[in-house]
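Enquirer: So the protein sequences, as listed, match chains A and Z.
Each residue of the first sequence is one higher than the last, beginning at 1 in the numbering used here.
Each residue of the second sequence is one higher than the last, beginning at 1001 in the numbering used here.
Just so you know, the hints here were simulated from the structure itself, not pulled from any lab data.
Beta carbons are placed, not taken as given, at the ideal position from N, Cα and C, and that holds for glycine.
One should not assume that every hint holds.
[Claimed, not checked] Taking lysine-lysine pairs in the DSS-like style, the calculated list, with each CA pair at most 25 Å apart, reads:
| no. | chain 1 | residue 1 | chain 2 | residue 2 |
| --- | --- | --- | --- | --- |
| 1 | Z | Lys1194 | A | Lys110 |
| 2 | A | Lys289 | A | Lys334 |
| 3 | Z | Lys1194 | A | Lys104 |
[Claimed, not checked] Here are the simulated distance ranges between beta carbons:
| no. | chain 1 | residue 1 | chain 2 | residue 2 | range |
| --- | --- | --- | --- | --- | --- |
| 4 | A | Glu112 | Z | Met1253 | 23 to 33 Å |
| 5 | Z | Asn1009 | A | Glu154 | 36 to 46 Å |
| 6 | A | Arg115 | Z | Met1253 | 47 to 57 Å |
| 7 | A | Gly42 | Z | Tyr1100 | 56 to 66 Å |
| 8 | A | Gln222 | Z | Tyr1100 | 25 to 35 Å |
[Claimed, not checked] So these bits of chain A aren't anywhere near chain Z, every CB distance computed over 12 Å:
| no. | residue |
| --- | --- |
| 9 | Phe27 |
| 10 | Arg50 |
| 11 | Pro74 |
| 12 | Val152 |
| 13 | Asp326 |
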Amino acid sequence: MKNNTLVSFEGVVKRFGDFLAVQRMDFEIAKGEFLAIMGSSGCGKTTTLRMLAGLEAPSEGVIRLSGKPINDLPTWSRDTPMVWQSLALFPFLNVIENVEFALKMRGIGKTERRRRAEQWLDRMQITEFASRNISQLSGGQRQRVALARSLVVEPEILLLDEPLSALDAALKVRMQSVLKNLQRETGITFVYVTHSQSEAFSMADRVVIMSRGKIEQIGTPQEIYRTPRTRFVAGFLGSSNMFTGKVTGIDGGVVTLDTPSGALRLGATDLPGPVAVGQTATLTVLDTKTHLATRAPAGNVNALPVRMIGEEFIGATATIYLEASDGHEIRVQKSHEDLANLPLQIGQELVAHWPLEDGHLVMEA
Amino acid sequence: MSDSSANMNRSRLVDLSLKIYIILGFAFVFAPIAASFVFSFNSDRFPSIPLGHFSLEWYEAVASDPFAWQGLRNTLFVGVIVGIVSTGLGFGAAYTDFRYRFFGKQIYLALALLPPTIPVVILGLAMLAYLSRINLSGNSLSVIIAHVVICAPFAMAIIRLRLSQMDPDLEAAAWNLGASEWAAMRHVIIPFTKPAILGALFITMAVSFDEFAIAWFVSGLNETLPVKVLGFLQGQVSPRINAIGTFVFVTSMTLVILAQILLTGRSAKVRPVADEQE
């Protein structure tokens, strides 16, 4: 265990009856980091968070907080406050009473309680609503109350379970920067569960991607975006073209893959593990790193003859949809300037190409 | 807020007929009570029209009857204790249903809600047979026990309804913020269900206050007021019955109305403000 580790999951498994919600999970959370756990619904991300909060007990394995096993510690003695998806504010208490709640439960005196709660109201810029009822607040204001209520005890770690899901798009973006700044200023470790890639990638230092109770990949947003390590991750992010085929050669630092769309090559420097001839593998390449031309460019690149089947404008960029000779769909995302010189018409024959080093290998079909 | 659009799509004739229908319905239901109310202030010995002059003599007669006072004391004593005990039991049963998932829960709920569906005469007989076997019949305690049996399910139903409106995360959120299970009960569950707890208290008191049949079977010499009324009726027809009836009716209605105010008051929420684009 490293010195700056705050939380560690060691072989943690969670079963609900016959259903395996979380499969053997091993990972660590560093002090002061912003960790996002991302995945679609039912992937076990919320269960993981609830085990950390002490609301679910692991079926197997050990969870440590600051080195001490906390499996048998009830949630009220843990100091792992959580911001709930429903916010779970107490409707019979006003704003400041909600914020004071955790301090009251810790037996802190009335004046001290009020003083500390007021500090957090001020920090979250909701001082003017101190004596309001929860039902009189807007979604964004409630969000701030929920944050203040959890942070008032100044914990080492804050758990957030999709806290922004009820907000509209503009407010969501605003609250993201509020959260990120808060985390940076306080140095409190944030564990943030979400299904939204934009939330996870814009705020987190590291992202854990889960699928069907299993961790698929852990890394910085850049790492995950550039080199998805499993087919699931590549598909989940939806920003890569994928070609599945058989490895037919490894030599001179180049791996050759025979796919139905054609033979493709990639540099062997960044392989996820040992690769053998005859194995099935998937090559991924980002749609922003896939280029288009009218003729195959010279040099050491992958080039596939394609036919244009559609396009979609997304603000500053456009996505061109193409079809390889076997009907496999390929996407190319480019700025309008990059596309200006191309004859873009439905049915147009083009060449999709990318340098060998932009392709990544995933050892799965 | 949608009054204007609602009015636009309503036929005035149908509207008027419905209103008349409701008024007639209420008139039919309350006519006997109203009659009893009017005659309780009438000076004549027999209920007949035209009325005599306004008089409080029947109330005075009741007030000077020591047996009526004893009945009232018994009724109040029984009612208050029944209210408190049934509400406590009902709360426990409703919280169990809210908090726990267990095998046979449907059966547990069915059994808990069963007593009011048993015909009172049968329940009264069964209570008498059972309580006399264990030497508890014929006193106030036996009436209390019998009334708790029929009142607790009402309390449970009322409190259960309130708990079902609670965000299930609320209790866990309290634990997560450092509240032990007892502290969460005291600081979250009870404050949230308080209107329903008070409502249940008043309703169960009103039920006990009015209940006659079972009390008649098990009360023995410690008769409650409704049992006393029957005693009066068997002896003589006196306008004193109207006075007692009016008093019982006003008391029960007050309790029921109080409960109603408590139970519906909270649902009239203040509308939240919209998110301003700061």
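Enquirer: Each hint should be assessed against the structure and marked as holding or not.
Expert: Comparing the hints with the structure gives:
1. A hinted pair counts as satisfied when its Cα atoms are at most 25 Å apart, and lysine 1194 of chain Z with lysine 110 of chain A qualifies at roughly 24 Å.
2. At roughly 9 Å between alpha-carbon atoms, lysine 289 of chain A and lysine 334 of chain A fall within 25 Å of each other, so this suggested pair holds.
3. A hinted pair counts as satisfied when its Cα atoms are at most 25 Å apart, and lysine 1194 of chain Z with lysine 104 of chain A qualifies at roughly 20 Å.
4. Separation of glutamate 112 of chain A from methionine 1253 of chain Z is about 49 Å and departs from the stated range, judged on CB atoms against 23 to 33 Å.
5. Hint check: asparagine 1009 of chain Z to glutamate 154 of chain A, Cβ distance near 57 Å, so the stated range 36 to 46 Å is violated.
6. Separation of arginine 115 of chain A from methionine 1253 of chain Z is about 49 Å and conforms to the stated range, judged on CB atoms against 47 to 57 Å.
7. Between glycine 42 of chain A and tyrosine 1100 of chain Z the C-beta distance comes to about 24 Å, which lies outside the given range of 56 to 66 Å.
8. For the hinted restraint 25 to 35 Å between glutamine 222 of chain A and tyrosine 1100 of chain Z, the CB-CB distance of approximately 47 Å leaves it violated.
9. Remark: the non-interface label on phenylalanine 27 of chain A is consistent with the geometry, its nearest Cβ contact in chain Z lying 22 Å away (cut-off 12 Å).
10. At roughly 9 Å from the closest C-beta of chain Z, the C-beta of arginine 50 of chain A falls inside 12 Å, breaking its exclusion from the interface.
11. Taking the minimum C-beta to C-beta distance to chain Z, about 7 Å, the non-interface status of proline 74 of chain A is violated against the 12 Å cut.
12. Remark: the non-interface label on valine 152 of chain A conflicts with the geometry, its nearest Cβ contact in chain Z lying 9 Å away (cut-off 12 Å).
13. Every CB of chain Z is more than 12 Å from the CB of aspartate 326 of chain A (nearest about 49 Å), matching its label as outside the interface.
Going down the numbered hints, you'll see the structure goes against 4, 5, 7, 8, 10, 11, 12, while the others check out.
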